[in-house]
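S.K.: Each chain is listed here by its residues.
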Amino acid sequence: MPPNLCSADSLKDSWIKCVVWDLDDTMWQGTLLEDNDVVLMPRIKAIIQQVDARGILQSIASRNNHELAWERLTEFHLAEYFLHPQINWGNKSDSVRIIANKLGISLDTVAFVDDQDFERDEVRFYLPEVLTIDAAHTDKLLNLPRMNPRFITNESSIRRKMYQADIQRHRAESDFTGNKQEFLKTLNLYVTIRVAGESDLRRVEELTIRTNQFNTTGLTYGYELLADLSKSSDHLLLVADMEDRYGASGTIGLALIARESMVWVVKLLITSCRVLSRGIGGVMIGYILRLAKQQHVQLRAQFVSNDRNRMAYVTYRFHGFYEVAERGNLIMLEHNLTNIRPYPSHITVRSSLP
Amino acid sequence: MDARARIRGYFVSAAEQEIRDEDDIFELGIVDSLFAIRLIQFVEKEFAITVEREDLDIRNFCSIAALTKFALQKMSTATPLEQQRHPSPKD
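Protein chains in written order, with our numbering: chain A, 34 to 387; chain B, 16 to 106.
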């Protein structure tokens with residue numbers, strides 16, 4: 034069965050990736066500076082937790098005293114849910130823009146909740162792509178179609194934590210006084226390569242659709258096909274997870290290998306742009322080379338070039354693959370399984386396979 | 016600045032460390048896919064050459080010395096159109 038040849042654009046995500054909350058009369062009743070003893074809006078905590086569980090990030094845009102507001106949020110045990118909070122006396126549109134920027138998301142994936150008409154108008158005026166929501170309708174937030182993402186993967190519930198780990202990692206990197214190599218060594222990076230299980234399939238599907246650069250064919254694979262392939266004895270579907278001292282980065286690589294008795298063909302190799310420049314592509318290739326050598330099979334890899342995946346081709350070549358055939362836009366590469374480079378010194382590779 | 020010096024300059028600033036001309040950059044562990052693609056783009060732009068698929072042999076890129084030799088060789092066989100795009104002094 035051929036993989037879905039869906040264009041990545043038609044599956045473009047218009048779902049909300051971040052909800053930005055106002056505080057006074059939105060998150061809590063009343064105005065903090067007038068009455069320090071504000072009470073949370075009914076059910077808001079459950080709503081925030083549900084948004085978080087769906088893998089949607091959250092932040093704050095509030096005109097308030099930062100210390101006081103953050104202290105209050107901490108007392109409510111809510112502070113941990115909010116990334117890059119903008120609590121100051123500036124314009125809400127500036128705050129929302131800053132948040133989107135820091136999270137690396139586009140404005141059309143942001144929702145802004147505020148009780149005040151003029152604040153919502155201001156944000157809509159400067160940032161027309163942002164979805165503005167009257168706080169009076171907060172209890173309907175979770176029902177909005179755009180708040181129900183298609184991809185609830187096994188990572189959705191830890192997405193915020195992964196972002197927070199990333200913030201800490203970046204901070205550590207900018208404080209670090211050595212070079213990038215030395216910094217990577219301080220991370221204590223572990224990559225675990227294992228056979229994909231059923232709970233991985235949504236994330237694998239997401240990777241095939243979302244990843245453009247380190248993607249060796251650009252073909253997308255739907256859930257059903259992946260489920261069949263993961264159970265087929267003629268195929269090996271591998272995933273790679275990464276974690277370091279700051280926390281987990283989740284599943285950041287996948288490889289689909291078609292296995293005949295004497296020849297293996299890597300049909301697809303993907304690494305997430307989340308971890309570009311950590312050396313993961315090379316690690317996956319190195320692992321596959323070792324496995325093929327151990328199994329005494331010939332190893333080949335398919336490549337379909339497009340305008341974004343040159344990086345993946347270069348990585349195959351720089352790890353010793355060479356071209357053996359070309360059919361239309363499909364390039365066949367091969368590796369003679371000699372001169373397999375050691376893994377980078379900053380990564381520890383673990384595997385459940387022999 | 017000659018080709019070798021320009022290539023050395025790029026490597027040292029991209030890798031943020033001193034590298035000798037004959038050092039194998041892959042063994043040094045500084046090359047990941049992003050580094051590799053940027054290196055190729057640098058060489059293409061700096062020397063007005065096109066790195067084709069068949070050029071992506073590791074032997075052309077494994078050291079400052081190897082890359083210099085490759086770049087010079089490509090420049091000497093470059094078409095007039097390529098040379099026009101980015102005239103640079105040969106050495």
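Simulated from the structure, these hints should not be mistaken for laboratory data.
These numbers come from a predicted model, not from an experiment.
C-beta atoms are modelled at their ideal positions from N, C-alpha and C, and glycine is treated no differently.
Treat the hints with caution; some may be incorrect.
Said to hold, decoys possible - Label-pair distances were calculated between CB atoms; the ranges are:
#1 B:Glu-31 - A:His-110: 38 to 48 angstroms
#2 B:Gln-56 - A:Val-357: 50 to 60 angstroms
#3 A:Asn-121 - B:Glu-67: 50 to 60 angstroms
#4 A:Asp-127 - B:Asp-72: 14 to 24 angstroms
#5 B:Gln-56 - A:Asn-121: 38 to 48 angstroms
#6 B:Asp-36 - A:Ser-190: 44 to 54 angstroms
#7 A:Cys-306 - B:Glu-59: 41 to 51 angstroms
#8 B:Glu-61 - A:His-203: 43 to 53 angstroms
#9 B:Glu-61 - A:Arg-204: 42 to 52 angstroms
#10 A:Ser-338 - B:Ala-29: 46 to 56 angstroms
#11 B:Ala-80 - A:Arg-383: 34 to 44 angstroms
#12 B:Glu-61 - A:Asn-221: 49 to 59 angstroms
#13 B:Gln-56 - A:Asn-134: 32 to 42 angstroms
S.K.: Confirm or reject each hint.
M.R.: Okay, the hints, checked on the actual structure:
no., hint, verdict
1, B:Glu-31 - A:His-110: 38 to 48 angstroms, "holds (42 angstroms)"
2, B:Gln-56 - A:Val-357: 50 to 60 angstroms, "violated (27 angstroms)"
3, A:Asn-121 - B:Glu-67: 50 to 60 angstroms, "holds (53 angstroms)"
4, A:Asp-127 - B:Asp-72: 14 to 24 angstroms, "violated (51 angstroms)"
5, B:Gln-56 - A:Asn-121: 38 to 48 angstroms, "holds (40 angstroms)"
6, B:Asp-36 - A:Ser-190: 44 to 54 angstroms, "holds (51 angstroms)"
7, A:Cys-306 - B:Glu-59: 41 to 51 angstroms, "violated (22 angstroms)"
8, B:Glu-61 - A:His-203: 43 to 53 angstroms, "violated (30 angstroms)"
9, B:Glu-61 - A:Arg-204: 42 to 52 angstroms, "violated (34 angstroms)"
10, A:Ser-338 - B:Ala-29: 46 to 56 angstroms, "violated (25 angstroms)"
11, B:Ala-80 - A:Arg-383: 34 to 44 angstroms, "holds (37 angstroms)"
12, B:Glu-61 - A:Asn-221: 49 to 59 angstroms, "violated (37 angstroms)"
13, B:Gln-56 - A:Asn-134: 32 to 42 angstroms, "violated (26 angstroms)"
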